Structures are given as C-alpha cells and as structure tokens.
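Enquirer: In the order they appear, the protein sequences are chains Y and Z.
Letter 103 of the first sequence, counting from 1, is numbered 103 in our numbering, and no numbers are missing.
Letter 226 of the second sequence, counting from 1, is numbered 226 in our numbering, and no numbers are missing.
Everything labelled a hint here was simulated from the structure, so no lab data went into it.
Every value quoted in this text rests on a predicted model; they were computed, and no experiment measured them.
You may find that some hints are simply not true.
Said to hold, decoys possible - Label pairs and their computed distance ranges (CB to CB):
1) Y:37 - Z:441: 28 to 34 Å
2) Y:100 - Z:376: 57 to 63 Å
3) Z:316 - Y:68: 36 to 42 Å
4) Z:474 - Y:110: 44 to 50 Å
5) Z:446 - Y:72: 18 to 24 Å
6) Z:233 - Y:68: 48 to 54 Å
7) Z:320 - Y:37: 34 to 40 Å
8) Z:240 - Y:100: 23 to 29 Å
To be verified - Partial selection, computed: residues in chain Z whose CB lies under 7 Å from chain Y:
9) 252
10) 256
11) 259
12) 260
13) 261
Here a beta-carbon is modelled for each residue, glycine too, at the ideal position from N, C-alpha and C.
The residues making up each chain are set out below.
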Amino acid sequence: MSVPVKIIMIEDDEGHARLIERNIRRAGVNNDIVPFSNGTDAVKFLFDKPNGGGSQEGEALLILLDLNLPDMTGIDILKRVKEDAKLKCAPVVVLTTTEDAQEIKRCYDLGCNVYITKPVNYESFANAIRQLGLFFSVIQVPPTQS
Amino acid sequence: MVGALALRRLGSSQIIILSLGVAVLIAISAASLYFVVQARDDSEAVIHTIEVENQISTLLLEIRRAESATRAYLLSSGPQFLQEYEVAAKNILPAMDKLARLTADNPTQVASAAELRKAVEMRLAEFGQGIARIKNNDVATSIDILRNGRASNAVEAIGKISGSMRAEEARLFALRNTSADRSQQMVAIVTTTGSGIVIALAGFSLMQVRRASRARDVAERKLLENNANLEITVDERTADLREANDEIQRFAYIVSHDLRSPLVNIMGFTSELEELRGDIFRRIASKTAIASDGERQIEPVNEEPALEGEDKKLSDEFTEALGFIKSSIGRMDRLISAILNLTREGRREFRPVHIDLNELLQGIVSSVAHQAAEANATIRIEALPDITSDRLAIEQIFSNLIDNALKYLKSGTDGDILIRGRRKPGFVVIEVIDNGRGIDPKDHQRIFDLFRRAGTQEKPGQGIGLAHVRALVRRLGGTIGVTSELDQGSTFMVTLPLDWTIATKGQAA
C-alpha cells in the first residue's frame, strides 16, 4: 500500500511559499505540505529524532528546496539529504531564481531530481508547478525506510 | 631631471675644454715652427760670419804669401820665388772679390771692403814695383826700403781694415749667437708652457668626465628606481581596478539576483489578483443578473462576465491597472535578466582558440537566414582573416551586430549587408556594413550604453546588445566604433587583436 507523499517545503520567502502552495493546490495536488522558512528548522525536522527522517518510518517525502536561505545555502541541505541513507531516495526539487548554468549543473551533480527556475512570468511558473504536480502523481515515491 | 641638466652642462664644458686644448696645441706648433725657422736663419747667419772671417784670413794669407815670396825673390833671385809670387798675386784679387761678395749684405762691411780693396790694390802695386826693381837689378833700393822698416801705408791700411772687419763680424757673430740662443729658449718656453696648459686642460677634462659619469650613474640609479616604482604603482592600480571591477560585478549580480525575489512575489500575486478580479466580477455579474432577472444564471467559469454601466467601468479600470503592473514587471524582469547575463558574461573565463572567421560568420549568417529572407536582405561575406580569440565571445559580438543590421533596415529598400575584414599589424579589423536606416551622429556614443537606444523605437529591445558587444570587445582587448548618418546605413568597425594570448589575458581579466 503506497503511503501518501508528504511535501517538505523549505522556502524563506513567505510570498513564494504561498504562491507555490496555491499553485500546487490549483494543479490538483492535495498532499500534505510542511513548510519551513529557514534551513535550521528544516534540517532539524529532517535529520533529528524524534522527527528525523530516519525515524519517520513508512513515510514518503518530497522536498521542495530554495537555494537562497537566510541561515544556510540550500546546496548544503541537498548534499546532506543525498548523503543520508534513508533520505537519499526522496526526490528533491530545487526552486530558485538563479539561472546560472553552473549552479544548475552542480545541483544535478549532487542528485537533485528537478531544477526549476522561479520565473516571474506567472503562466510559466504555474505550468512548472503543475508539471511538478504531474510528476508527483506519476512517480511512485518509495517510502523512506525501504 | 637635475642629473640630465648637469650632464648637458658637463657636455658643453667638455667641448669648450677640447677646443681650448686644440687652440693651445695649434699655438704651440705655430710658435715652435716660427722659432725653429728663426733659429735656422740665425745658424745660417753664424755660418756666414764664420765664412767671412775665413775669407779675410785667406785674403791676408795670400797677401802674406805674396809678400814673403817677394822678399825671398829679393834675397835669392830664385825664379821659383818669382813663380810663387805670381801664383799668390793672382789669387789675391779673386779672394778680395769673394770677400766683397760675401759681405755685400752689410753696408758697413761693403764700405770696409771697398777700402780694403784699395789698400790691397795699392799693396799689389808695391809688390809689382819691388819685383820690377829686382828685375832691373835695383835690389839696393828695395833692401833700403826694407831696412828703413818703413811700412807702407797700404800694409797699415790692410791691417786696420781687416781688423775692423773681423771686429764687425765678431760683433755680428755674438749678436746672432744670442739671437739663436733666444729662439731656442723661446721654443723651450713655449713648448713647456703649452704642454703644461694642455696637461692642465686634460686633467680638468678628466675631472669633468669623472663627475659626469658619477652624475650619470646617479641618474641611472634613479631611473631604475623610478621604473621599479612605476611598475609597482601600475600593478597596484591594476589590482585596485580589477578589484573594483570584480566588486561591481558582484554587486550587480547580487542586486539583480535579490531584486528578482520580490519580483516573483509581485508578479505572482498580481496574477492572483487577476484571478480574484475574475471571481469578484463574475459574482457581481451573477448578483446583478439575479437582481434584475429574478432568476439565477450560471456564469461559465473563465469567461468574461457580462457587466453593464458602473460595474463594467470598474472592471475595465481594474484590468487597466493590472495591465500596467504586469507590463512593468515584465520590463523590470527583462532588465534584471539582462544585467545578470552581462555580469555572468563578464565573469566567464575566455578560452582563446584559433578561429576561421569565414566559417564562423557563415554559421551566424545561416542561423539568421530566415530573418534575412523575411526582411528581403542579402548578407555577403568577403574573405576574412583568421584570428585567435574566444569563440563564444566572437560569435556573440557578430551575432549581435548582424541581428541589429537585419533589425534596423530601411523599410521599402532591400537590405544589403556586407561583412569584410582586413589585417593591420597585430590586429584584425572587421566591418559590418548595412544600408539600413542609419544612426544620427549625436547618438553614436549613446547606442553603446546599457539600456540606451536610438532612433524610432518601433522594434522590441532592451538596449543591451551593443553594450554587451562593447563589453566583450573590450575584454578581448579590441575596440568598436561606428560611422553612420541617418538614412545612409551604418558601418560597425570591430578591431580585435590578432592573437588574444594568455599573456594579454592577465591584463584584460
């Protein structure tokens, strides 16, 4: 039996978080969204017991990650997630305003699954989010403990 | 500076010393020559005096011989004595003549010689008389004359005159000797003095030369120091500039990056507002419809609600306001993207490779073939030289220029774009020539500035292309210029170094 995927959203800009949430919902994705507005809290949730990724047995996670966080860079979080034995299977979607090709390549090298540049154009933004929703529904996110 | 002046002053004083030395040497030579000639004259005069004295002696000797021969003849009547007398008497007058000739240069001696001649002739006559008396056997008279010891006037005169002549010659001899001595002395003095002066000048000159060389050494050291300082200063300034440039790049990058973040919100929530507006006015429309018709009408979602009067006006105003916000955001986003791209370009490392410009430009031209066909334009490429530079940068430069040429053609005229190139020592010059609408000369600088455009603004654009091109050309160590008149087409001239090597990279980066 597949467990519903929990979306972990790490985004410091409240406006962006709200927009992302709305558009995810609008795209027809009704999974739980757990928002974090800074890296420290997110890291604590992901890696520390009792909330740590390792302890959340049977739960499937999908991580939406902003690279520009006030207290750390999203790259560090991405690295830690991909190095974690249990979390490394969780898909990571990097959402950022940077279009720098080198940064994009670096994220993919570190194991990010999708890299989405936050466009200001609302239409393409909504499209990207909808595709993300499609992506959620199509792939079977394996439970973290498997 | 001071050293150079001192050197120049020393140089001119060197010339003066040299000239002085030469003058002194010439004077010494002239004086020596003069005195040597004089000494020779003096010696000749001395010799002459001795000759004269000799001649007087010879004359007197001949007279004595004649006299003794006469006396011997008187005593012995030996014919050999008569013969001896005749020989002597024959020699007397020529000797006298020679003496007169020798003393012809001295008036005193000439007078004396004339008197002497008279006396000698008189004496000869006396001899003649004595010989005649012997031949006539009148020896007694002759003996008588001798016994009386009556010396004739002639003998006395001869003795006196010859004595005075000798005295005169002795005086002259002394005089000439003194003169010769003085000449020699003068030569010695002049030579010594001149040599002294020359040696002194040489010494002075040597001193000057040493001082000059010391001054030159000091100047050279200072120059080296200055050069080293200059290099250090240049390096420092370059480093400062590079740092400032990097700082600006970072600043532009961060600013544009961070500006995008709020812009995402503005745009996103504007779109949300747009959605809300749809919902609100649909509800207003349905309420109005219910109120007027008394029956509920179902508005299809996503369709413009049917509004009337005040409501329609409100809706239109809402739409207009949102439209302005959205277009402004779009514009701001494009500008920020442009700045981001420019700073990214500015930070990209250049990799110089050998480029066949013909091939590269042919590639660009074929990529814009569609636009060219649409604009009725032909693009011609003349033979271009090869270059060693960054391929991507070169591609961007000429893509931009060709795009511009195609974009700003004159309506109603077939476009004609010519790309040609030539070599210049160390550089390659490439021209992109079009017959388009041209650029007003007052805008020639402006078009290269970021976000600035010129002419009619009916084409889309942010005013970035040429700014980007200029930044690239400058980073490649080249220059770009434009010559154009309104309606006369434009020529963009790009001058790039033939070989953008690693060495120039250090300066350009």
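Enquirer: Hint by hint, say whether it matches the structure.
Expert: Okay, the hints, checked on the actual structure:
1. Y:37 - Z:441: 28 to 34 Å: Taking Cβ atoms as reference, residue 37 of chain Y and residue 441 of chain Z lie about 56 Å apart, which means the hint is violated.
2. Y:100 - Z:376: 57 to 63 Å: Distance hint for residue 100 of chain Y, residue 376 of chain Z is violated at roughly 40 Å.
3. Z:316 - Y:68: 36 to 42 Å: holds, 39 Å
4. Z:474 - Y:110: 44 to 50 Å: violated, 36 Å
5. Z:446 - Y:72: 18 to 24 Å: violated, 45 Å
6. Z:233 - Y:68: 48 to 54 Å: Because 40 Å falls outside the window, the suggested range is violated.
7. Z:320 - Y:37: 34 to 40 Å: Holds - the Cβ-Cβ distance for residue 320 of chain Z and residue 37 of chain Y, about 35 Å, lies within 34 to 40 Å.
8. Z:240 - Y:100: 23 to 29 Å: Roughly 27 Å apart at Cβ, these two residues keep to the hinted range, so it holds.
9. 252: violated, 14 Å
10. 256: violated, 10 Å
11. 259: violated, 9 Å
12. 260: holds, 4 Å
13. 261: holds, 6 Å
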